[in-house]
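Listed below, chain by chain, are the residues.
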Amino acid sequence: MLELYRLMARIREFEEACRRIQRTRTGPGPDGSVSSAGHMPGFVHLYLGEEAIAVGVCAVLRPDDLVASTHRGHGHLIAKGGDVEPMMAELYGRAAGYSKGKGGSMHIFVPEIGMLGTNGIVAAGIPHAVGAALSCKLLGLGRVAVAFFGDGACNQGVFFESMNLAALWALPVIFVLENNLYSEWTESQRLTAGNSLAGRALPFGIPAVVVDGNDVLAVRDAAWEAVARARCGQGPTLIEARTYYYGGHFEGEEFFAGHYRSEADVASWRVRDPIVRFGRTLVDTGETSDSGLELIRREEAERVARAVDSAVAADPPAISELTTDVFADTEPGTHPTVTPVTATS
Amino acid sequence: MFLSEAVAAGIATAMREDGTVFLFGEDVDRSVLGPTKGLVEEFGQERVRNTPISEQAVVGAMIGAAATGLRPVLDLMFGGFLYVAMDQVVNQLAHIGYMSGGRVRLPVVLMAGIGPSGQAGAQHSESPHAALMQAAGVKVVVPSTPADAKGLMIAAIRDPDPVAYLMDVSLAGSRGPVDLADAAVPLGRAAVRREGVHVTVAAMASAVPASLMAAEGLSASGIEVEVIDLRSLVPLDLDTVCNSIRKTRHLVIAETGRRTCGLGAEVAARVLECAWETLEAPPVRVAWPDVPVPFSPSLEFACIVTEGDVAEAVTRALGGRKPSAA
Ligand SMILES: Cc1ncc(C[n+]2csc(CCOP(=O)(O)OP(=O)(O)O)c2C)c(N)n1
Ligand SMILES: [Mg+2]
Chain A
1 MLELYRLMAR IREFEEACRR IQRTRTGPGP DGSVSSAGHM PGFVHLYLGE
51 EAIAVGVCAV LRPDDLVAST HRGHGHLIAK GGDVEPMMAE LYGRAAGYSK
101 GKGGSMHIFV PEIGMLGTNG IVAAGIPHAV GAALSCKLLG LGRVAVAFFG
151 DGACNQGVFF ESMNLAALWA LPVIFVLENN LYSEWTESQR LTAGNSLAGR
201 ALPFGIPAVV VDGNDVLAVR DAAWEAVARA RCGQGPTLIE ARTYYYGGHF
251 EGEEFFAGHY RSEADVASWR VRDPIVRFGR TLVDTGETSD SGLELIRREE
301 AERVARAVDS AVAADPPAIS ELTTDVFADT EPGTHPTVTP VTATS
Chain B
346 MFLSEAVAAG IATAMREDGT VFLFGEDVDR SVLGPTKGLV EEFGQERVRN
396 TPISEQAVVG AMIGAAATGL RPVLDLMFGG FLYVAMDQVV NQLAHIGYMS
446 GGRVRLPVVL MAGIGPSGQA GAQHSESPHA ALMQAAGVKV VVPSTPADAK
496 GLMIAAIRDP DPVAYLMDVS LAGSRGPVDL ADAAVPLGRA AVRREGVHVT
546 VAAMASAVPA SLMAAEGLSA SGIEVEVIDL RSLVPLDLDT VCNSIRKTRH
596 LVIAETGRRT CGLGAEVAAR VLECAWETLE APPVRVAWPD VPVPFSPSLE
646 FACIVTEGDV AEAVTRALGG RKPSAA
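The listed protein sequences correspond, in order, to chains A and B. Quick note on my numbering: the first sequence kicks off at 1 and runs consecutively. Quick note on my numbering: the second sequence kicks off at 346 and runs consecutively.
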């Protein structure tokens with residue numbers, strides 16, 4: 001239980017650090033140099049407020065299960081066991097980053113922990129999870145795959161095509177829809193017909209549930225059922241988790257997009273903060289004390305601060321890296337991608 | 346006026362003169378990259394419509410709408426998102442005019458922001474101009490000045506055929522004068538931006554200002570570069586390039602995209618086919634290496650086309666020689 005709290009706290013601290021840095025950001029130097037914390041390049045989509053979904057879902061996954069993520073993927077990475085140091089190094093474009101600095105926030109792939117990738121193309125990861133589930137089934141490893149995606153992604157055709165494929169072949173995949181009500185700066189209800197996103201699974205014969213995405217235990221329980229179904233060959237499930245993002249679409253958006261949400265709305269969601277809520281439950285049930293929670297928060301903040309320091313101090317990739325990695329350098333016949341090792345017990 | 350504002354000004358001109366022009370796209374009302382900002386205020390949500398994230402369906406819908414009386418303009422935001430709709434773009438939009446024996450014409454404008462704009466990562470830095478040039482049936486324009494941004498947009502919307510209107514995102518905030526008289530800049534004509542006698546640099550998008558800066562620098566050492574802004578890639582104005590190399594006898598092509606099968610390859614091949622004897626040395630291409638655009642600032646900087654890259658290419662085209670007095 002405390003581990004769930006710790007992971008949510010880690011995501012919160014990671015995202016708050018990104019936010020602080022982006023707010024005071026000066027961007028890389030004119031020659032592309034990155035020499036101070038304020039020189040974080042690019043832009044980031046933060047998971048602030050949505051932590052309970054990734055953590056609740058990943059709590060019931062095995063290390064060798066697979067996850068396909070989105071442009072808002074830091075939370076998925078951390079919940080699946082990603083290390084904040086190479087993550088932060090990637091955000092700073094460093095050689096020590098998960099993608100050697102070549103990818104950035106939206107292109108992080110960590111095969112050894114089952115992370116199929118964050119993704120800059122909306123809905124593009126959904127069929128990747130379906131394909132991973134296909135290989136889980138065909139290789140008979142008992143693994144499952146999870147596709148995380150947003151409410152905006154539900155209007156892409158590939159979402160429907162993926163559900164059809166998954167249902168048709170009874171694949172062990174869980175569709176986790178993170179409904180934060182917005183698609184960039186437009187309320188999704190202005191873009192989306194019908195009144196139920198979860199209901200879109202039903203014509204395919206895929207069971208669907210709606211859960212409070214700000215309640216980590218509710219998410220975990222829904223995911224537990226879906227994963228159990230998937231593992232015993234009963235095919236896909238869709239979980240719609242209702243939530244909200246505090247930071248908006250991307251950090252620093254006000255300059256480009258202006259104001260589009262009322263303070264009252266944001267405040268009404270802050271009251272339902274997933275971390276505060278779960279913390280209260282933990283204290284009420286005697287699992288820990290306020291100071292116990294405080295200690296976890298502090299430890300995670302320090303962990304993230306160390307990751308920022310080491311990312312800033314790290315080296316950029318050598319210029320010779322510009323043209324490497326386009327093709328594999330392994331021998332033909334060997335499968336070149338690392339996959340997580342399935343524990344034999 | 347900023348280049349992105351000039352794009353919006355061109356759309357506004359076309360929307361005022363023709364009630365069948367409608368604007369579509371994700372968040373076109375707020376337009377984070379700028380090229381449609383302010384239009385919803387003038388034309389309302391009926392004519393300026395935010396679309397769902399459904400690129401394939403929306404491009405297809407533009408086709409049906411254009412086939413039946415509208416002149417739709419669709420902003421796809423980033424060039425990488427165009428690939429999501431590539432069946433509709435190539436198999437349908439580009440080819441229907443021809444496949445129908447000319448019975449169906451599709452006046453659709455597809456807008457997209459192209460090129461790296463500061464560590465946006467590979468999928469948000471694409472420049473699909475070469476893929477579109479290959480599609481056979483889509484005209485392709487790439488403005489590099491605010492005046493062209495407006496004038497080419499007016500021409501693109503009036504054009505009877507599909508036009509891909511590509512805005513180099515790194516130029517969105519560049520400033521320059523625009524024609525207040527709402528004149529179109531005709532498609533298919535390049536512009537000579539700087540005259541010179543030693544080397545011709547044919548460039549597109551942000552490679553144009555990079556080439557102009559390189560030309561200024563080289564001028565100090567006695568090398569006079571002629572800079573041509575190709576701005577319309579389909580149809581391509583080869584005459585302007587050939588006229589120029591008759592004078593300079595050296596050619597460099599600078600493009601904001603990958604080298605293989607790119608604009609540079611096409612221009613070089615066509616020049617060699619029709620005017621090889623006018624060249625004293627092989628053409629030199631300046632382009633990105635054949636890689637997805639890297640995120641890390643130092644790698645991204647090494648990937649993109651800079652003033653230094655163009656200057657070096659000019660020197661290479663001249664074979665390291667100082668040009669003799671012309
Ligand atoms: C194919 C494609 N179209 C458009 C975009 C631009 N874009 C990035 S995120 C986003 C909204 C996504 O909304 P949603 O799926 O609800 O995820 P959220 O950002 O709310 O987490 C859009 C339109 C994109 N990245 N890819
Ligand atoms: Mg959303």
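Think of the hints as simulated: they come from the structure by calculation, not from any bench. It is possible that part of the hints are untrue.
Claimed, not checked - One side only, chain B facing chain A, incomplete, derived with CB under 10 Å:
#: 1; residue: Thr396
#: 2; residue: Ala402
#: 3; residue: Phe423
#: 4; residue: Tyr428
#: 5; residue: Met431
#: 6; residue: Tyr443
#: 7; residue: Gln468
#: 8; residue: Ser566
#: 9; residue: Gly567
#: 10; residue: Cys648
In this text, a Cβ means the ideal position worked out from N, Cα and C, and glycines have one as well.
Now for the hints, and whether the structure bears them out:
no.: 1; hint: Thr396; result: holds (7 Å)
no.: 2; hint: Ala402; result: holds (6 Å)
no.: 3; hint: Phe423; result: holds (9 Å)
no.: 4; hint: Tyr428; result: holds (8 Å)
no.: 5; hint: Met431; result: violated (12 Å)
no.: 6; hint: Tyr443; result: violated (26 Å)
no.: 7; hint: Gln468; result: holds (4 Å)
no.: 8; hint: Ser566; result: violated (23 Å)
no.: 9; hint: Gly567; result: violated (28 Å)
no.: 10; hint: Cys648; result: holds (6 Å)
This entry does not satisfy hints 5, 6, 8, 9, going by the numbered hints stated previously.
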